[in-house]
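For the protein sequence lines, the chains are A and B, in the order given.
Residue numbering for the first sequence follows this note's numbering, beginning at 94 and increasing consecutively.
Residue numbering for the second sequence follows this note's numbering, beginning at 94 and increasing consecutively.
One or more of the hints may lead you astray.
It does not matter which identical chain is used: a pair holds within one copy or between any two.
No farther apart than 30 Å at their CA atoms in a straight line, the calculated lysine-lysine pairs in the DSBU-like style are these [said to hold, decoys possible]:
#1 Lys183 to Lys242
#2 Lys212 to Lys183
#3 Lys183 to Lys245
#4 Lys212 to Lys242
#5 Lys229 to Lys134
#6 Lys183 to Lys248
#7 Lys212 to Lys149
#8 Lys183 to Lys134
#9 Lys229 to Lys183
#10 Lys149 to Lys183
#11 Lys149 to Lys134
#12 Lys229 to Lys242
Hints in this document: simulated from the structure, not taken from any laboratory.
Protein chains: 2
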Amino acid sequence: MTREHTVRSYDEELSHLTNLIARMGGLAEAQLDGAVQALIKRDSDLASRVIAADSKVDEIEQEVHGFTVRLLALRQPVAHDLRMIVGALKISGDLERIADYAANVAKRALVLNQIPPVKPTAGVPRLGRLVQEIVKEVLDAFVEQDNEKAVKVWKQDEEVDDMYTGLFRELITYMMEDPRNITACIHLMFIAKNIERIGDHATNIAETIHFLVQGTPIRESRPKGESILPDPSQLAKDN
Amino acid sequence: MTREHTVRSYDEELSHLTNLIARMGGLAEAQLDGAVQALIKRDSDLASRVIAADSKVDEIEQEVHGFTVRLLALRQPVAHDLRMIVGALKISGDLERIADYAANVAKRALVLNQIPPVKPTAGVPRLGRLVQEIVKEVLDAFVEQDNEKAVKVWKQDEEVDDMYTGLFRELITYMMEDPRNITACIHLMFIAKNIERIGDHATNIAETIHFLVQGTPIRESRPKGESILPDPSQLAKDN
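All chains should be modelled from the sequences, with the hints used to inform the complete structure.
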């Protein structure tokens, strides 16, 4: 009886960990959505709420960290359980970064709301929506432990990089056209970079899910592939 | 006899892990140094070598990841050993990011070498040197398991942020003065941002060392403290 109880309780602990990650993922996703909306609608109240809510994500990360360390110590997990616990630790780090980047987008949205809008920069919301979808998908892949979905997300990183590069060029053009656009365009550039970085962290999570489900690293090299002497026009796309 | 052997072998494994982190740290430090030198001296060969060497750091990260998972499974560590192993996993993630940012600085240095230099931007090398020192100190703190040194590094993050903010303003001024400076200044801005982010990862490592040595998180909130409605001029400093 005692043993059965122990086993059940261990299962409960593992699903508590999965729930923590899912909750953290949901929060990070909402933060990204809020930040992109605040930017599009020039909504400073929403931006402020996103900034204030970042600490909630940090708290869950701390909770995940403490909980995984206790689990490792008390349960001495092996095989899939162990990969799951180490994976949760890594994923929580990526989610914390995603939320952090979202909060930074919201902060820059606040600044942009204090200056006149530049040309219709439809590119930034478009990049935001693409990355939002990717984050949503990778969280689904985690909850469903769906490796195929994770690999799909992993491959989408290239699309994000291409969209970011195009946007970067567009913003440079606006700055060249009129120096009064410079400040706004720089904030938009950093916003775009933050969103692109969120995509990178979603890619990391996809890699972790693959390792977690399959027990091996994703075989092909990362889609963003680094060349030694890159085409300068492509440079903007890497971190 | 067998038991003694097992114990010795476990100690050897733990020190192998510490060595892996120290080696990875040394490489990341060298990458940052190379990138900053390549930028200052407009040395494209050096920049190319830095970019090519990034994969070595990635390889060690993979090795650390595989090794910690095996250690956790086979040795079922507790207390300080467990914190050490989980800490090594986190630190390797930060070091991988540091090297990645250094490689990006080198890539942008390559591009800058193809266009005429802008005004003497002494600020970027200065920021680079400050962050190099911080990375060096935090690696010393890790090797010596020196919590005081780690806390000192942790507090220096504010200095990095202030220097970055000043530099950011200076670069905006150059761009406003002459639109022909825009492309170079944007690369310098992203270089400065990458270096500032390296400082953040050094701060993360300091936090991990504190947890590892003391078994508790650093108490005070992070030095970069997020305000809800930030002064717009300060915005540039957060990620």
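Status of each hint after checking the structure:
1. In this assembly of identical chains, the alpha carbons of Lys183 and Lys242 lie at most 30 Å apart whether taken from the same copy (19 Å) or from different copies (26 Å).
2. For the homomeric pair Lys212 and Lys183, neither the shortest alpha-carbon distance inside one copy (39 Å) nor that between copies (42 Å) is at most 30 Å.
3. Within a single copy, Lys183 and Lys245 get their C-alpha atoms as close as 20 Å, and across copies as close as 26 Å, so both meet the 30 Å cut-off.
4. Proximity of Lys212 to Lys242 under the C-alpha cut-off of 30 Å is found in neither arrangement, the shortest distances being 37 Å within a copy and 49 Å between copies.
5. For the homomeric pair Lys229 and Lys134, the shortest alpha-carbon distance inside one copy (22 Å) is at most 30 Å, but the shortest distance between copies (44 Å) is not.
6. Proximity of Lys183 and Lys248 under a CA criterion of 30 Å is satisfied in both settings, with 20 Å inside one chain copy and 25 Å between copies.
7. With identical chains, the CA atoms of Lys212 and Lys149 are never at most 30 Å apart, being 35 Å at best within one copy and 43 Å at best between copies.
8. In this assembly of identical chains, Lys183 and Lys134 lie within 30 Å of each other by CA distance neither inside one copy nor across copies; the values are 34 Å within and 38 Å between.
9. In this homomeric assembly, Lys229 and Lys183 come within 30 Å of each other (Cα to Cα) both inside a single copy, at 18 Å, and across copies, at 25 Å.
10. With identical chains, the CA atoms of Lys149 and Lys183 are at most 30 Å apart both within one copy (18 Å) and between copies (21 Å).
11. Taking identical chains as interchangeable, the C-alpha atoms of Lys149 and Lys134 lie at most 30 Å apart only when both belong to the same chain, with a minimum of 24 Å there against 45 Å between chains.
12. Taking the closest pair of Cα atoms, Lys229 and Lys242 come within 30 Å of each other only inside a single copy of the chain (11 Å); across copies the shortest separation is 40 Å, beyond that limit.
Consistency with the previously given hints fails for numbers 2, 4, 7, 8, ordered from lowest to highest.
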